[in-house]
Amino acid sequence: MSKPILELRHVVTKVNRNTPEELTLLKDLNLTINEGDFITVLGSNGAGKSTLFNSIAGNLPIDSGDILLRGESIAHESEERRTRFLSRVFQDPKLGTAPRMTVAENLLLATKRGERRRLTPRHLNAHMAEFKKLTSGMGNGLDERLTTPTGNLSGGQRQALSFLMATLRKPDILLLDEHTAALDPKTSQQLMTTTNERITAENLTCLMITHHLDDALKYGNRLIVIGNGQITFDVSGAEKQALTQETLYSFFSDLQD
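Each residue of the sequence shown is one higher than the one before, starting from 1 at the first, in full-length UniProt numbering.
Treat the hints with care, since some could be wrong.
DMTMM-like cross-link-like pairs, simulated, lysine to aspartate or glutamate; straight-line CA separation at most 25 Å [what the hints assert, rightly or not]:
#1 K170 to E80
#2 K218 to D172
#3 K240 to E35
#4 K27 to D37
#5 K3 to D92
#6 K240 to D172
#7 K14 to D66
If you are wondering where the hints come from, they were derived from the structure by calculation, not from laboratory data.
Here the structure is a predicted model, which is why all the values come from computation and not from measurement.
My request is simple: use the sequences and hints to build the entire structure.
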């Protein structure tokens, strides 16, 4: 039986604290994530999806409750400290990569994720064959652009690179924050297929925010819906397989497919 790898217990997260604009975004939210879970996350705009990710990643401190990694609290750890076990891919392809560095240089940087930075020789050439093999699996020509500055890539290639960087060193937790939303339909589906293959092959623990109901139903072993700062629906296994788009629409009215 899978063991909990991450737990959110009675988490409350606010913004604009102690001002007239103070707003509570997560409201006594509870969530247990088991090792190997691939969870698709749905919810209308403002429901708390990104706040959930920001709270897990540490770039938005929680106001009360606790977050535990394998039973140990990480609620007060910094965002930088959490990179030792967590990776995230954002919606914007421009985030997550260094535009003036080449594809290979970005990948080399990703091999050091979570480590203390030191001045050491790069040994970039020693990694080129490995990076060639890694990028060739993306099927989008990225393997032919290892020496190209990342800023010169297409949006799809840059997002594929962000995904590879996030998974190069197997993270305990992978957060995919609508990582295909900014891409055209063909490129989006190509990256989604590769994403699923890599998560499955590596048995990664992943949460993926999506606005595409088809993707939410097709991928992952578990699906949650966030509404008004709380988990309003949580289903897995055979129950998830039996879901339909019509069932999901009944939970919220303004989610766009």
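Here is what the structure says about each hint:
1. K170 to E80: With a Cα-Cα distance of about 17 Å, the restraint between K170 and E80 holds, given a limit of 25 Å.
2. K218 to D172: Given that 25 Å is the threshold and the Cα spacing comes to 23 Å, the pair holds.
3. K240 to E35: holds (18 Å)
4. K27 to D37: holds (23 Å)
5. K3 to D92: Judged against 25 Å, a Cα distance of about 33 Å means the pair is violated.
6. K240 to D172: Cα-Cα ~24 Å, so holds.
7. K14 to D66: OK: K14 and D66 at ~14 Å, within 25 Å.
The earlier numbered hint that this structure contradicts is number 5, and it is the only one.
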